[in-house]
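Given chain H, put chain X in place with the hints provided.
Chain by chain, the residues run as shown.
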Amino acid sequence: MTHQEPPPLLDVRNLEKVYHLNDGLLQRVMREPPRVLRAVDYVSFSVQPGETLGLIGESGCGKSTLARTVLRLHEPTSGSIVFDGKDITRIPLAEMTALRRRMQIIFQDPYASLNPRKSVEQIVGLPLALHGVAKRGELRDRVVAMLENVGLKSGHLGRYPHQFSGGQRQRIGIARALILNPSFVVCDEPVSALDVSVQAQIIALLGTLKRELGLTYLFISHDIGVIGHVSDRVAVMYLGDIVEIGPTRALLNAPSHPYTKALLSAVPQIDAGSRRERVKLTGDLPSPLAPPSGCKFHTRCPFAMDVCRREAPVLRKNGRDALAACHLLEIEHAA
Amino acid sequence: MLLTRSSATDRPAPLLSIRGLKTCFPTRAGLVTAVDGVDLDVQPGECLGIVGESGSGKSVTFASVIGLIRPPGRIAEGSIHFDGADLRTLDPGGWRRLRGRDIAMTMQDALTALNPALTVAEQICEVLVAHAQDLPRRNRWRAARARAIEMLRLVGIPAAESRMDDYPHQFSGGMRQRIMIAIALACRPKLLIADEPTTALDVTIQAQVLDLISDLRREFGMSVVLITHDLGVVAEHTDRVAVMYAGQIVETGPTRDLIAHPRHPYTRGLIGLIPRLSDLDAPIKPIEGQVPDLIGLGGTCRFADRCELRLPECRQDIPMRPVGAAHEARCIRAGEDLP
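These protein sequences, in sequence, are chains H and X.
Just so we're aligned, residue 1 is where the first sequence starts under the working numbering, counting upward by one.
Just so we're aligned, residue 336 is where the second sequence starts under the working numbering, counting upward by one.
Pulled out of the complex, with its shape left as it was, chain H reads as follows:
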């Protein structure tokens, strides 16, 4: 990061989120050892105003937990979250609730994330009512304006979620997230549940809204093609760690970390010319309850060395504005 840049909208330092399993009463009585799941393992990153940071990784790598901890939908275990210059890591819930006007989330599943008993007007208008920002008469106008922004009509106001297709439901979810004029929006796999043609419509909509409303996105997806098209920068997660982060183009065209390489080479490509040599991974994602020693990726890495089994690599500068955590790169830099 260069010093001319404005201060980040979101700055996350050494964020940790630990879940304690087996600590129910029965387990305590039976003296079972508690099991610790470190879903987010001392992660640091920042997001500039107006930027889209893409977050990729396999299921279970902690990307959703990270995003939700940033919004304090989950309480962080340690570390700090600074939003627009204000440390929000430990602020009281009432204060956090007020701040949520500026931090919103779009969920993955447009079926499960809308209350089936509420009409579109109630769903989209609820944030306005909760935060007391719109008066009774004004509320409907603002909901209508928002619906039109996301490509729905005022005639949809009285309808219920089951009367809409998956793509339309996702538009309702987007309207609900944006009606308070937030500056920061977490998009948690917003298109994964949709058919490809609908997916493209929603991606286009999110892009338009971002430009028109000056939004900043933290965009989570396991679809690397989607991330490549929406993000300015990309962070790659593996078992709770960010293993590589950098500008989209550089990272996707010339990945440095072996995991990023493997992930990219596994994406099926439609044109034969652009297929990459497959970096084959063996085995499955290890259990996050018992992450491997040293570098967590060493059990699947085709280039694992002795040092990888002993020591965890740290994120280091790797080219312009990019960071990667890999012993192999450190050796290359030293040479």
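Treat the hints as calculated values from the structure; they're not laboratory data.
There could be a bad hint or two in this list.
Claimed, not checked - In silico DSSO-like cross-links for lysine-lysine, where the CA-CA straight-line distance does not exceed 27 Å: (1) H:K153 <-> H:K210; (2) H:K261 <-> H:K317; (3) X:K620 <-> H:K153; (4) H:K210 <-> X:K620; (5) H:K153 <-> H:K118; (6) H:K153 <-> H:K135.
Showing chain X alone in chain H's frame:
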């Protein structure tokens, strides 16, 4: 062997031949024709890709092939021939002899497709005991177990011998999909129907599973039908492809040719909306509009409402027409040179 088509051409008789298939489901809103006039051939040893969005009829087509359409749904018209036999006249005993032995299918969601109350070993051995003719009559289960271990190793389950007595929920998503493939391939079927085998999986595991299917296809010389919504998967793994839209095949041809020179506007649309890693600046062009309701269709091109190229003449039933070598499209403008 019954030849379903004249052998005037040099092509061998297809392993599976579907003609004019029409599968309907009565609903409260009316009769839904989920598959409407599908013609398809699968040649021995080939991998055919079936692409389409939800509701395009791709899964229902192959559920019809292996007799999994539940009443009140029914096959209304058409013929299905497999390896010389007419599948529409098969009795329950005939189905039992065919399914699992000659045709096998893997389902999209391995967790719901596998029986949660049986161990993996029991589920594989069940198929082998029922179908494998070369197993000895005595100690049949023990022999089946030995072969099950072999199959699990083949699909890459680590420590197969000790893990096969575990239940499906004890395996990860990728491993469950492999187990289902092991069950499907246990009796070396002539045809494997893989319905979205990797949709629920992460890309690195997806690549492992698809490579495995391709390797086993070459090894056993079987035919594979790969049902997917992902054109990238089709491009990398299939020989031929059929694109389905609203219950019909709208374009079919050799994979490479079809992807390089798509002739139907829907196929072009599908290709245009794939985010490409190779060209991050290429915009993703959405296809505007929605898939039509499958009730009471007919008398028009089904894609017409979303098509930028539509003409008044599109308001009629459009037949498939040849547009290249073994390449056909259901569009009156398929032959034109369009940008």
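Inset, instruction - Kindly indicate which numbered hints from before are broken by the structure, ordering the numbers from low to high. - result: When the structure is compared with the hints, none of them turns out to be violated.
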